[in-house]
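Chains as they are written, first to last, in UniProt numbering: chain A, 1 to 778; chain B, 1 to 176.
These are calculated hints, taken from the structure and not from any lab test.
Some clues are possibly wrong.
Claimed, not checked - Derived lysine-lysine pairs resembling DSS-like cross-links, with alpha carbons at most 27 Å apart: (1) B:Lys29 <-> A:Lys553; (2) B:Lys29 <-> A:Lys677; (3) B:Lys131 <-> B:Lys85; (4) B:Lys85 <-> A:Lys532; (5) B:Lys169 <-> A:Lys541; (6) A:Lys536 <-> B:Lys85; (7) B:Lys39 <-> A:Lys709; (8) B:Lys39 <-> A:Lys651; (9) B:Lys132 <-> A:Lys532; (10) A:Lys553 <-> B:Lys39; (11) B:Lys10 <-> B:Lys169; (12) B:Lys85 <-> B:Lys132; (13) B:Lys29 <-> B:Lys85; (14) A:Lys709 <-> A:Lys677.
Said to hold, decoys possible - Covered stretches of chain A, going by a simulated chain B footprint (3 or more residues, C-beta under 8 Å): (15) 583 to 596; (16) 613 to 625; (17) 662 to 671; (18) 711 to 721.
Please read all numbers here as calculations on a predicted model, not as lab measurements.
For each residue, glycine too, the CB sits at the ideal point set by N, CA and C.
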Amino acid sequence: MQEAELHDLSDDADYAASQQEGSASMMRCYSSKLSTSSETEGAEIVYLKDNVAIHPTQYASERISGRLKLIKQGSALFMTWIPYKRQSTNAKLSEKDRNLYTIRAVPFADVRSIRRHTPALGWQYIIVVLSSGRNRKLYTVFSWLVVYQVEQMTFDVACSTSTYDVQLIFINCFSGLAFPPLYFYNGGVREFLTTIKQHVFLVRSVEDTNVFLLNDFQNPLQRTLSSLGLPRVVSIPSMPSTPVLARESTSHENQERTDVGVSDVSASIPQYNGRRRQKFHDPARDISIQVLEKFSFVTKFARETTSQLFRESHSNGFRPLERRKSNQSDDYSHKPSDDAEGVAVQSPVAPDPVEVYVCSLCQLIALCNNASAHLSMESVLGHGPTGIWFSTSIPGNLMPTSILVEQKVPYREHNRDGEAGTNVGTFELISYKEFDKLSLVWGKPRQPPLGLEEWATFLDSEGRVVDSKALRKRIFYGGIEHKLRKEVWAILLGYHTYESTYAERKHQRSIKNIEYETIKSQWQSISAAQAKRFTKFRERKVLIEKDVVRTDKSLSFYDGDDNPNVNLLRDILLTYSFYNFDLGYCQGMSDLLSPILFVMEDESESFWCFVALMECLGPNFNRDQSGVHSQLFALSKLVELLDNPLHNYFKQNDCLNYFFCFRWMLIQFKRELEYEKTMRLWEVLWTHYLSEHFHLYVGVAILKRYRGKIIGEQMDFDTLIRFINELSGRIDLDATLRDAEALCICAGEKGADCIPPGTPPSLPVDNGLLYSQQDEVL
Amino acid sequence: MASRRRMLLKVIILGDSGYVNRKFSNQYKATIGADFLTKEVQFDDRLFTLQIWDTAGQERFQSLGVAFYRGADCCVLVHDVNVMKSFDNLNNWREEFLIQASPSDPENFPFVVLGNKVDVDGGNSRVVSEKKAKAWCASKGNIPYFETSAKEGFNVDAAFECIARNALKNEPEEEM
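Just chain A, with the same shape it has in the complex (with noise of 0.2 Å):
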């Protein structure tokens, strides 16, 4: 096999052109001592080029310009990419982003492919795939690397009308993590692969004449093809890129050829058969680079999301599909199967989870491949600026016959003139019945907390903040430091307001002092003989009293007995019940009070605070509890948007009342979490960045995590109560935002439409009494 991939070479203008250029025979050169004329121990620069760009966003304006290097030290190779400080088209470039995108000497040893593009139109660029499991360490700074990619990225991709394009990114791009592609605006692709023959071992790849692989060995990704026993999988050498793809490309792939070098003509791009013919000038925009570009970083996001899943799955004693498998690991290659089932049956390999979800997603592709599985892919991939979301099912079954792939966001109508071909579109991938079912979500990373000085550059000379919506994402994707808490929920929560100023806050300060201890004086005035006759007075008091001495007993600030913060938890509550007395006093109110008086040290302020996060939640705990009903209504709605089989489950097990989540909307997942994460979600939830009902994805996040363990262990109706109250101090808040985020925004109208209007937090419909009245004891 390995030599079939060593003659492969020369068949290529291009690259008999670099064998010409450069030392010719040096295709097996791990010495350092054949090419260079130095022979010095210390590093030596064998390639530069500079203009060679990274493109953060589809914008070919927002690129991040850099030099290539190419360095020799000893016998290793490495590579690096550094950003330039100044950057001419995007003058913002920030230290940390530079830091964040700088590629430093990555040794070859640790790459396993290069994939060349040199389109017709438009300029030219490689992607660097880099292996996998080999340098744990190299990898955390790589991961962070696609994964500020993805931030950044608008994921406008790429609709095509045919299933077969996709397949090819798939498994092309699923061999590993990868830079995001480098553009050589000055050229010098060539010669960069010269260099790197020279010095290194570099074959082309049988399958894709565009793809050269160092460092070749046998991948557990081509393992794990064979082991589906694809069609055109099984006799084909290790290679990351395509199997498949060989089908499609060897076609054509001469004509693509042929096509080296930037001209005006317009040609089909690699990998679209030449179906169709694109008119890109963007290189950023062209269909195929994009595709590539995100399945590369859906890489990284498949080994954080699916060992993330795994993990839960273990430590739930749910095992996955993939795992109870695998044990046939042994079973794969010479299986060419013709026919969807004998695809179904094979197994996966490896046990790593991004390998076994490669595997999922190819078993898949190969269903889709077949003619006979009930499949349309009519748009693929991608959705808004921040997270993508999809599932795949995993054939459990020897009848895969029914796949379907649903459309779940609205998109834009395919036009299929000019600039066709983008589109954005994100479809779930749903099987019934047949199948079980893994699902991949995620969002943006989480960012570390807004600290003192990020904060200050939100705010004007007078402590204005300046761009309201820009602070609440900052929020949103990372939370508030502790200590900046007291200052900022004040404001996220509405007490004071994005436009005043420091002094304006510090007046109204003083004057909401003084009408606390106006509305406080009047219950206590209240004599013991008054009380006798006050029956509801003194109810609402005994129930505060009983509350607030079992309220986060187990945080210092509230522990012991005679505790002077218990002691300012009711008297806020007993004022908050005559402020609010139709209101009143429900159980629930302390856990919503407490963290605000643990941020806001001070009676009034937390008072006032607490006030304003009533106005919206007050609902909740409205005697006919319509507050919390139309939250779990919405719940349940958003729930059949976004995972239909757990609806599905719950509709037949007599759960759609969602009442085991009572607890969740009631006090916004306070028993749920740890304090400090019930505070970072809180912040996060005031933002309304994404949604104003972010809590309810939250909701869907965790449901939807765990609906494998729910459906699996067959739970009915108590025991998911006892299950969702058992998850308490168990949920992974930053994952969960995560999910929750991109459900979010997969959801986007349709989601919206779930959520009946006056859902708290919203503010209530009508405008008339805020609370109804009926209560008759409390």
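Given the structure of chain A, go ahead and fit chain B onto it with the hints provided.
Chain B only, in chain A's frame:
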């Protein structure tokens, strides 16, 4: 052969908020929504798992009962013998339960009444006498009555055994 289903008994505990001692609750926090703990009870050489449900006590949460009380095998009404109001409310709780749970045979649905906190202040602050409580129980179809001190654990096991027996008694014959 004892049917598997009957080994698990769903017991709902009701009473004025705050009077249910922490021992009946699995965390020292006001219950939001509903939660339950399980307790193994053995008698007549048989092992029962009591699923003891604690629901939010406050009246305005009662509308949830319709979901939480579903499938209950027994309802335990708790009052604080030191608080007359909690005793007076027993009737409300009982009726509310019957409405919400709508058992097939409300007349014979098994209740148990617990007079709790008999240990408080050496009994000096007691306002609901045993006689008064028993009289009410008798008027509601001979509901078994226990005086308990959850704090001391007094009589709690006896109460649970009775709960299990009671729930069993209510099972249809063919289940035996």
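Structure-based check of all given hints:
1. With a C-alpha separation of about 9 Å, the suggested pair B:Lys29 and A:Lys553 falls inside the 27 Å cut-off, and the hint holds.
2. Note on B:Lys29 and A:Lys677: the hinted pairing holds, with a Cα-Cα distance of about 19 Å set against a maximum of 27 Å.
3. The hinted pair formed by B:Lys131 and B:Lys85 meets the criterion: a straight-line CA distance of about 17 Å does not exceed 27 Å.
4. Proposed proximity of B:Lys85 and A:Lys532 is supported: the alpha carbons are some 15 Å apart, at most 27 Å.
5. At roughly 42 Å between alpha-carbon atoms, B:Lys169 and A:Lys541 are farther apart than 27 Å, so this suggested pair is violated.
6. The suggested pairing of A:Lys536 with B:Lys85 holds, with an alpha-carbon distance near 13 Å, which does not exceed 27 Å.
7. For the hint pairing B:Lys39 with A:Lys709, the CA-to-CA distance comes to about 24 Å; that is within 27 Å, so the pair holds.
8. Restraint check for B:Lys39 and A:Lys651: the C-alpha separation of about 30 Å exceeds 27 Å, so the hint is violated.
9. Between B:Lys132 and A:Lys532 the CA atoms are separated by roughly 25 Å; this keeps the pair inside 27 Å, and the hint holds.
10. Restraint check for A:Lys553 and B:Lys39: satisfied, since their Cα atoms lie roughly 25 Å apart, inside the 27 Å limit.
11. Taken as a hint, the B:Lys10 and B:Lys169 pair is honoured in the structure, with Cα atoms around 14 Å apart against an allowance of 27 Å.
12. This hinted pair checks out: B:Lys85 and B:Lys132 have alpha carbons roughly 13 Å apart, not beyond 27 Å.
13. About 22 Å separates the Cα atoms of B:Lys29 and B:Lys85, which keeps this hinted pair within 27 Å; it holds.
14. Distance check on the hinted pair: A:Lys709 and A:Lys677 sit about 24 Å apart at the alpha-carbon level, within 27 Å; holds.
15. Counting residues of the stretch 583 to 596 of chain A whose C-beta lies closer than 8 Å to any C-beta of chain B gives 5; at least three are required, and the coverage claim holds.
16. Residue count for the stretch 613 to 625 of chain A with a Cβ under 8 Å from a Cβ of chain B: 5. That meets the three needed, and the coverage hint holds.
17. Coverage of the stretch 662 to 671 of chain A by chain B holds [criterion: at least 3 residues with CB-CB distance below 8 Å; count 5].
18. Three residues within the 8 Å Cβ limit are the bar, and the stretch 711 to 721 of chain A against chain B gives 3, so the coverage statement holds.
Violated hints for the displayed structure, listed by number in ascending order: 5 and 8.
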